[in-house]
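The primary structure of each chain is shown beneath.
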Amino acid sequence: MKKLINSPETVVTDALSGLAAAHLGLAVDVENKLITRAGGPTAGKVGLVSGGGSGHEPLHGGFVGYGMLDAACPGEVFTSPVPDQMLAATKAVDGGAGVLHVVKNYTGDVLNFEMAAELAGDEGIEVVPVVVNDDVAVQDSLYTAGRRGTGATVFVEKIAGALAERTAPLGEVAAVAREVNERSRSFGVALTSCTVPAAGKPTFEIGDSEIELGVGIHGEPGRTRGALVTAREITATALDAIAADLALTGDLLVMVNGMGGTPLIELYLVYNEVHKYLTGRGARITRNLVGNYITSLEMQGFSVTVCKLTDSLTDLWDAPVDTPALRWGR
Amino acid sequence: MKKLINSPETVVTDALSGLAAAHLGLAVDVENKLITRAGGPTAGKVGLVSGGGSGHEPLHGGFVGYGMLDAACPGEVFTSPVPDQMLAATKAVDGGAGVLHVVKNYTGDVLNFEMAAELAGDEGIEVVPVVVNDDVAVQDSLYTAGRRGTGATVFVEKIAGALAERTAPLGEVAAVAREVNERSRSFGVALTSCTVPAAGKPTFEIGDSEIELGVGIHGEPGRTRGALVTAREITATALDAIAADLALTGDLLVMVNGMGGTPLIELYLVYNEVHKYLTGRGARITRNLVGNYITSLEMQGFSVTVCKLTDSLTDLWDAPVDTPALRWGR
Amino acid sequence: MDAGFFRAWVAEIAAVVETQRDHLTQLDAAIGDADHGINLSRGFGAVQAALAQASAATPGSVLVLAGSTLISKVGGASGPLYGTAFRHAGKALGDGPEVDLPALAGALEAALSGVQKLGAAREGEKTMVDALAPAASAFSKAVADGASPTGAFSALADAAEAGAQATIPMQALKGRASYLGPRSVGHEDPGAASTALIMRALRDVAARPAP
Amino acid sequence: MDAGFFRAWVAEIAAVVETQRDHLTQLDAAIGDADHGINLSRGFGAVQAALAQASAATPGSVLVLAGSTLISKVGGASGPLYGTAFRHAGKALGDGPEVDLPALAGALEAALSGVQKLGAAREGEKTMVDALAPAASAFSKAVADGASPTGAFSALADAAEAGAQATIPMQALKGRASYLGPRSVGHEDPGAASTALIMRALRDVAARPAP
Ligand SMILES: Nc1ncnc2c1ncn2[C@@H]1O[C@H](COP(=O)(O)OP(=O)(O)O)[C@@H](O)[C@H]1O
Ligand SMILES: Nc1ncnc2c1ncn2[C@@H]1O[C@H](COP(=O)(O)OP(=O)(O)O)[C@@H](O)[C@H]1O
Ligand SMILES: [Mg+2]
Ligand SMILES: [Mg+2]
Ligand SMILES: [Mg+2]
Ligand SMILES: [Mg+2]
Numbered sequence: 045m046k047k048l049i050n051s052p053e054t055v056v057t058d059a060l061s062g063l064a065a066a067h068l069g070l071a072v073d074v075e076n077k078l079i080t081r082a083g084g085p086t087a088g089k090v091g092l093v094s095g096g097g098s099g100h101e102p103l104h105g106g107f108v109g110y111g112m113l114d115a116a117c118p119g120e121v122f123t124s125p126v127p128d129q130m131l132a133a134t135k136a137v138d139g140g141a142g143v144l145h146v147v148k149n150y151t152g153d154v155l156n157f158e159m160a161a162e163l164a165g166d167e168g169i170e171v172v173p174v175v176v177n178d179d180v181a182v183q184d185s186l187y188t189a190g191r192r193g194t195g196a197t198v199f200v201e202k203i204a205g206a207l208a209e210r211t212a213p214l215g216e217v218a219a220v221a222r223e224v225n226e227r228s229r230s231f232g233v234a235l236t237s238c239t240v241p242a243a244g245k246p247t248f249e250i251g252d253s254e255i256e257l258g259v260g261i262h263g264e265p266g267r268t269r270g271a272l273v274t275a276r277e278i279t280a281t282a283l284d285a286i287a288a289d290l291a292l293t294g295d296l297l298v299m300v301n302g303m304g305g306t307p308l309i310e311l312y313l314v315y316n317e318v319h320k321y322l323t324g325r326g327a328r329i330t331r332n333l334v335g336n337y338i339t340s341l342e343m344q345g346f347s348v349t350v351c352k353l354t355d356s357l358t359d360l361w362d363a364p365v366d367t368p369a370l371r372w373g374r
Numbered sequence: 045m046k047k048l049i050n051s052p053e054t055v056v057t058d059a060l061s062g063l064a065a066a067h068l069g070l071a072v073d074v075e076n077k078l079i080t081r082a083g084g085p086t087a088g089k090v091g092l093v094s095g096g097g098s099g100h101e102p103l104h105g106g107f108v109g110y111g112m113l114d115a116a117c118p119g120e121v122f123t124s125p126v127p128d129q130m131l132a133a134t135k136a137v138d139g140g141a142g143v144l145h146v147v148k149n150y151t152g153d154v155l156n157f158e159m160a161a162e163l164a165g166d167e168g169i170e171v172v173p174v175v176v177n178d179d180v181a182v183q184d185s186l187y188t189a190g191r192r193g194t195g196a197t198v199f200v201e202k203i204a205g206a207l208a209e210r211t212a213p214l215g216e217v218a219a220v221a222r223e224v225n226e227r228s229r230s231f232g233v234a235l236t237s238c239t240v241p242a243a244g245k246p247t248f249e250i251g252d253s254e255i256e257l258g259v260g261i262h263g264e265p266g267r268t269r270g271a272l273v274t275a276r277e278i279t280a281t282a283l284d285a286i287a288a289d290l291a292l293t294g295d296l297l298v299m300v301n302g303m304g305g306t307p308l309i310e311l312y313l314v315y316n317e318v319h320k321y322l323t324g325r326g327a328r329i330t331r332n333l334v335g336n337y338i339t340s341l342e343m344q345g346f347s348v349t350v351c352k353l354t355d356s357l358t359d360l361w362d363a364p365v366d367t368p369a370l371r372w373g374r
Numbered sequence: 045m046d047a048g049f050f051r052a053w054v055a056e057i058a059a060v061v062e063t064q065r066d067h068l069t070q071l072d073a074a075i076g077d078a079d080h081g082i083n084l085s086r087g088f089g090a091v092q093a094a095l096a097q098a099s100a101a102t103p104g105s106v107l108v109l110a111g112s113t114l115i116s117k118v119g120g121a122s123g124p125l126y127g128t129a130f131r132h133a134g135k136a137l138g139d140g141p142e143v144d145l146p147a148l149a150g151a152l153e154a155a156l157s158g159v160q161k162l163g164a165a166r167e168g169e170k171t172m173v174d175a176l177a178p179a180a181s182a183f184s185k186a187v188a189d190g191a192s193p194t195g196a197f198s199a200l201a202d203a204a205e206a207g208a209q210a211t212i213p214m215q216a217l218k219g220r221a222s223y224l225g226p227r228s229v230g231h232e233d234p235g236a237a238s239t240a241l242i243m244r245a246l247r248d249v250a251a252r253p254a255p
Numbered sequence: 045m046d047a048g049f050f051r052a053w054v055a056e057i058a059a060v061v062e063t064q065r066d067h068l069t070q071l072d073a074a075i076g077d078a079d080h081g082i083n084l085s086r087g088f089g090a091v092q093a094a095l096a097q098a099s100a101a102t103p104g105s106v107l108v109l110a111g112s113t114l115i116s117k118v119g120g121a122s123g124p125l126y127g128t129a130f131r132h133a134g135k136a137l138g139d140g141p142e143v144d145l146p147a148l149a150g151a152l153e154a155a156l157s158g159v160q161k162l163g164a165a166r167e168g169e170k171t172m173v174d175a176l177a178p179a180a181s182a183f184s185k186a187v188a189d190g191a192s193p194t195g196a197f198s199a200l201a202d203a204a205e206a207g208a209q210a211t212i213p214m215q216a217l218k219g220r221a222s223y224l225g226p227r228s229v230g231h232e233d234p235g236a237a238s239t240a241l242i243m244r245a246l247r248d249v250a251a252r253p254a255p
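Protein chains in written order, with our numbering: chain X, 45 to 374; chain G, 45 to 374; chain A, 45 to 255; chain E, 45 to 255.
Please keep in mind that the hints were generated in silico from the structure rather than gathered at the bench. These numbers come from a predicted model, not from an experiment. Glycine is no exception: its CB is placed at the ideal position from the N, C-alpha and C atoms. Careful: at least some of the hints might be erroneous.
As the list claims (entries may be wrong) - Partner residues aside, some chain X positions facing chain G, computed with beta carbon under 10 Å:
1. V56
2. L235
3. Y312
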């Protein structure tokens, strides 16, 4: 295991201390693993709380700030946070207009957020959860815990955050969050495994000319093993899987996301293939992100996330945002 | 070699096509490998041109835009561009106020930019080159080609770009660029090698518990091989090397830069160690960057760059910038 | 069985989880995300610390504190699920200083129903339920049949172990492993395996000569 | 020697660089950035393409075009340096249709001075100069001593090869390898190695029976 760390036990808290030192716009409670805006809650504004296992940076802490999240609670690496953290976050950001919980669809995240919402309710805070489940690699059926929440989480947090900043009521913020989730799909591909620091060895073995198609953001195995073919072919496989589930027409917001160990030159190369694939089928990419936004430690690979935009979603996407990992308009 | 590419020969042009598709604010001539602002030259404004081998993304193309570069010319992977590209870039951005060449100190970059400057001069364009040489891993002496240009290039391009945007004359823009370079130092550490696509195998071999201290951004060997110790110890080694050359006092701009294959969680962890080291010695980090800004393909590792700020340098750093990789204030 | 007995059980669980930490993590690596052993060692370590602090003088209060601590410290799917199991078991034991076998049987049934209410898993879906359900009913049956303590606890541990083994051919329909669909077949479920360890720990503690 | 002779030389260089591409890149990996072979194969490939297009009917024009193409296509340190070498050699040959051995000797001296003027490297600094300088002077001396063409070209190639080998114990003082300081000792300089290949190609082409 080759990592820049002090010890497997302190990875998350050491990194949180670094985040705190680097971004004075954030208030970071390292001990309780809680990241909020330095300003505190905004009266009359819906609070946005998200959280999940660590190892996906910049998600979620890097998206706390004006126009996006009010708080993030990171768990241990790849392990959802605990209800105590989520409750503390919910109380910290409640500005009297209620709190939205952005939850990625994993049993652990769902159960812990459910418990937290119940506890918050007991304390008189209105909480509405929105569960993100955009990963088409898993079929959503009676036979699974449902689709995993992956890249669409970034879109949900940005767009719902923008609407909340306009002091829309909780119901509307939750509705737009669900709308973004319903209009978004993702597919991920891994070239290499990641290594959970506390585990010390790669989560899965993979050959030098193999790739994992449909990999999860925790290194969960995907649909199949494939051969390491060209970026064009790999991209087509990913987009075919998405297109089989959602008609890729009209104006699209597209993210080509790196898994953590893939350099930007390769991500732009993949974006070029995505662009050719989608425009070749008559769609228009009107907004895009290319970079590392929801990672899996040092895994090499990428994911592509597509959202079918509407004019109002585009307007919310363009709204000013000022967070460590996403910033424009101010 | 595990990479998301179509073929080793087309890596650079395919990635440039992706950059062009993703950023409509850029004008990208894929065939001639030239990236300029879509708007064309700004009359009366000094033009900033930089360039170097590809494989360091977002450097340089990701820094073309308002408040930073006017043009970038990427060479083949790890190979400086050719005079034709630099001349074309220089002509494309000349707004009548002359052109600054930001050159990283490598024999190839220096020789090719020299030839380009000569050709531009023949065409009546005033060109002033600024050579960046901030890497303390190499001692600057009669026995070397001089220090390598690394992380400080990002600072030079941002700060000189900000001054140029204020339509300062070429002499002043060149002077501030040199001032930033003189006040900046860097040191890099590699955990793994990178693989040049056309070479197909890692540039260097390194053991599972070894690190390369003082590595160059092209995977050039550094000062010594060391053991993979804690992030705290590795960071101290890097900062000791810098402190031995530049008194680390006063207000500092610090960049903890990822080499391409290192995840953000580790970079923030390293930033925490850098912060403790520097503040522990009485310095103040008043500005910082944490992320992938000058990479070495998929290499795992980091570099730290420190610049001793003045009030006017801080003011120029804070000035609005709007590029694919660095954006604030608009 | 008094509070000391249940403290000893939890201590034994913590010890076993430590030794089996990597094994449980490897099971989770095969069909999950390689953290189950890490999660439980963090969780039961915290439970040990909490119990060392707390007075918790009744069997019920020991298990409720254990459950609450798991919920607060583990995260993931297993945190709320095991936490709920211990809390419900503890609540079922009431606040008497001593509990007998029938009371413990009722507590195990309460733990099971708590887990199923929260996680909505039925038997056969390749989860901890596949070890907990047969263990609870085997224990209840043995107790009802008037089996000796030794016999009842052996039935409990054996049923849990058999239940865990039985998850190998199953296709996961709940939890992270369900993402694999048919590819989840052929692997033992990590949570079922840890449940078997927890029940074995109970048997071993019960087998110790009373101090 | 006419334009055809020099076109044949350049073609032979291109062929040899192709076969030695990985070897040169590996030499560069040891003390540089692992691209020298890649750079030269891209460069001489482009030179071949350019010559195929161009009329270039004199020895001088062939070498000038080769040099300009290297400058335009290679990049790195070797691009401007080899480009300058060929341009200066070509200019020195003037625009006659035929050149003799003394003229070629002068052209090689011109190439050397061009490289040294641009790169400021002296002999012993572990660069291509350490192969080019002895080769040029050995050739001049042989020609001056009235050696046979075969003898002169062998002296040229042997001196270049010996010069390249002699870079192994040197510490690099110029170029990327100089960053290594003492660690550059013990490796052959890639540019010196490619210069030796270029000189050997010249000898081999000269050895061919005139068509
Ligand atoms: N819905 C559920 N009901 C019961 N047990 C479940 C459920 N989902 C998951 N589990 C159990 O949780 C175990 C995984 O626990 P763990 O790895 O600690 O959490 P995570 O899956 O969040 O990483 C699985 O092996 C399974 O036994
Ligand atoms: N100043 C110099 N003078 C002469 N030759 C040089 C000089 N600097 C470098 N070289 C030659 O260039 C070679 C490296 O070429 P190449 O690898 O293609 O370029 P780069 O170093 O830019 O990657 C070295 O082996 C050396 O022979
Ligand atoms: Mg987990
Ligand atoms: Mg090079
Ligand atoms: Mg798990
Ligand atoms: Mg080289």
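These are the hints, each one checked on the structure:
1. Given the 10 Å rule on beta carbons, the hint for V56 of chain X holds: about 8 Å separates it from the nearest Cβ of chain G.
2. With 10 Å as the threshold, the beta carbon of L235 of chain X comes within range of chain G, its nearest partner Cβ sitting at about 5 Å, so the hint holds.
3. For the restraint placing Y312 of chain X at the interface with chain G, the shortest Cβ-Cβ distance is roughly 4 Å, inside the 10 Å limit, so the hint holds.
Going through the hint list in order, the structure satisfies each hint without exception.
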